[in-house]
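Asker: Put together the whole structure using the sequences plus the hints.
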Amino acid sequence: MRATSLQGRWLGGGGLALVLAFLALLALGPLLPKWAVFLMTVSLAKGLVALGLLLLMRAGLVSFGQGLYYALGAYAGGVAAERYGVGDAAAMLGLGVLAAAAVAAVLGLLLARYRSIFFAMLSLAFSMILYGLLVKTSALGSTDGFNVAPRTVAGFALDVGGGRYRVMVLAAVAVLLCGLGMNALLRSHLGRLAPAIRDNELRVEYMGASVRSAVHLYLVAAAGLAGLGGALTALAVGHIDPEMAYWTTSGEFVFVTILSGTGSVAAPFLGALALELLRSFAYEHAPNTWQMVVGTAMLAVILFLPSGLWSVFARRRAG
Amino acid sequence: MAGILQTRGLTRTFGAVTAAADITLDLAEHSVVGLIGGNGAGKTTFINLVTGYLKPTAGSIRFEGREITSLSPRQVTRLGVCRSFQIPQLFDSLTAWENLLVGLGIVAHGKGPFRSALEGERPEQAADDLLARFRLGDWRDAAASVMPEGVRKLLDIAMAMVVRPRLLLLDEPTSGVSSEEKFALMDLVLPAIQAERTTVLFVEHDMEIVRRYTQRVLAFSDGRVIADGAPGAVLDDPGVRKYVVGLEDPRPGGAPC
Chain A
1 MRATSLQGRW
11 LGGGGLALVL
21 AFLALLALGP
31 LLPKWAVFLM
41 TVSLAKGLVA
51 LGLLLLMRAG
61 LVSFGQGLYY
71 ALGAYAGGVA
81 AERYGVGDAA
91 AMLGLGVLAA
101 AAVAAVLGLL
111 LARYRSIFFA
121 MLSLAFSMIL
131 YGLLVKTSAL
141 GSTDGFNVAP
151 RTVAGFALDV
161 GGGRYRVMVL
171 AAVAVLLCGL
181 GMNALLRSHL
191 GRLAPAIRDN
201 ELRVEYMGAS
211 VRSAVHLYLV
221 AAAGLAGLGG
231 ALTALAVGHI
241 DPEMAYWTTS
251 GEFVFVTILS
261 GTGSVAAPFL
271 GALALELLRS
281 FAYEHAPNTW
291 QMVVGTAMLA
301 VILFLPSGLW
311 SVFARRRAG
Chain B
1001 MAGILQTRGL
1011 TRTFGAVTAA
1021 ADITLDLAEH
1031 SVVGLIGGNG
1041 AGKTTFINLV
1051 TGYLKPTAGS
1061 IRFEGREITS
1071 LSPRQVTRLG
1081 VCRSFQIPQL
1091 FDSLTAWENL
1101 LVGLGIVAHG
1111 KGPFRSALEG
1121 ERPEQAADDL
1131 LARFRLGDWR
1141 DAAASVMPEG
1151 VRKLLDIAMA
1161 MVVRPRLLLL
1171 DEPTSGVSSE
1181 EKFALMDLVL
1191 PAIQAERTTV
1201 LFVEHDMEIV
1211 RRYTQRVLAF
1221 SDGRVIADGA
1231 PGAVLDDPGV
1241 RKYVVGLEDP
1251 RPGGAPC
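Line order of the protein sequences matches chains A and B.
Each step along the first sequence adds one to the number in the working numbering, with nothing skipped, and position 252 is 252.
With the second sequence counted from 1, adding 1000 to any position gets you the working numbering.
It should be emphasised that the hints constitute simulated quantities derived from the structure, not laboratory data.
One or more of the hints may lead you astray.
If you want the footprint, here are the derived chain B segments under chain A, 3+ residues with CB under 8 Å [said to hold, decoys possible]:
no., region
1, 1041-1050
2, 1068-1076
3, 1084-1091
4, 1154-1163
We treat Cβ as the ideally placed atom computed from N, Cα and C, and that holds for glycine.
Answerer: Following this line, the structure appears as structure tokens:
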């Protein structure tokens, strides 16, 4: 009774869904056409960024600047690979996470003081500063960016025939670990504090906890996830450019999080996949008006599924 | 009895308004003290000063012999001073049980994340115990946002008791509660608090409540202590009757409005 009450209100079961989806992906992966493997890998990578936003949104914070960490993760991994000969994809991902988390640890000193629209605009401003720097830095390819081609993944060769499949497996492993880790975090003391902070910061302080420290930790965790997502995208696409830090990229992550809902750690990946599929098909069938199709879909979700796509599953289970 | 709280020359001004003027007082441990005064007398300001929400313009506050004047509400709470609010401050989207559980988690975590995991008391059980003690069992799984005001008041006080404070400051615990329910509320709340041997100071407008439940009364007017002593003596003090209770017509000549 207690466990269901906790899960129902604070979190839908998402861990089991993630494990099942992971096993299904491993089993079906070799049968998928190349375009689907690519689409799935990018969805998983972007879902990681949305997973970080889910944590922030549970605390009542909406960041319009996750592109900052997304781009940082990609550039840190890419520069390590192309300039310093770090050939292993797993090492690239690790560097991406570290770079993004380290920058968030510093920026968080300022960001953790702000809420609502001020927090959103300040995070957006920081991401646009990085965009401006990247566009002007010719050593990093300016607006063109540069290509990334790692040679191995955790010791296995990456550039043989099934290379793309292996990147997808790498992304799936990362998603499984991060998803289960986030599930554990949300059920821990620190995770339970998030909705309390959203509801009443004054009371949290009067219970003896530091709101600012908790928000700072959420920012670093969300940034680490965005960095990982960025580095994975770089591996999947094989190319990095400053658009990753542009505000429309950040907006897309917010879009995915609203599309998914914050009810489960599996939701962001469902939302990211839905957006990638929608965009791909819209782009193919209505190349000039695909944004209109995506926008209409968003409107429909907000009107008919205000708690996001995941609420369809949650509702079915409750009923 | 040893004094648990001492204030010395506590003063706080907001521009030209003096909300606390040279307040010097000692609170005895395990006592129940009433704080009375008209609107704007500085009662809530006093609570805000003691709990670190406001910083005094001058003067000092000591709790159990320790200087706490410059500490934040968070630090003061950790030392063992907590408060309730005139307007209940709850986590509105969470249930009563979850509200307490979040609080208990904060307290356990304050002892260190590893120690709290090793210690025996389960926070889930502790939350249920608190609900029972404050007779909130029926509201266990209701969201705080849908509770009636009296229930929110009770939960607000239960939240303050989560930290097991040694000094509890209640800001108008019976406001918004109907006059016939006030005594029942105090009969429930005070024993639950005193079972923890917590010292209580509460702000109150109902003089019958003050007379019945306190051992000592402080009367504030314009940020000053105008009377301090046993309830009978303070409530019969002419100054208190004039400025706080309002029994004597303060208008010169009694001219009609």
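Asker: Look at each hint and say if it fits the structure.
Answerer: Okay, the hints, checked on the actual structure:
Here the region 1041-1050 of chain B counts 0 residues with a CB under 8 Å from a CB of chain A, which misses the bar of 3, and the coverage is violated. Only residues whose beta carbon comes within less than 8 Å of a beta carbon in chain A count, and the region 1068-1076 of chain B has 3; three or more means the coverage holds. Coverage of the region 1084-1091 of chain B by chain A holds [criterion: at least 3 residues with CB-CB distance below 8 Å; count 3]. For the region 1154-1163 of chain B, the stated coverage by chain A is satisfied: 4 residues place a CB nearer than 8 Å to a CB of that chain, which reaches the threshold of 3.
Hint 1 from the list above is the single one not met by this structure.
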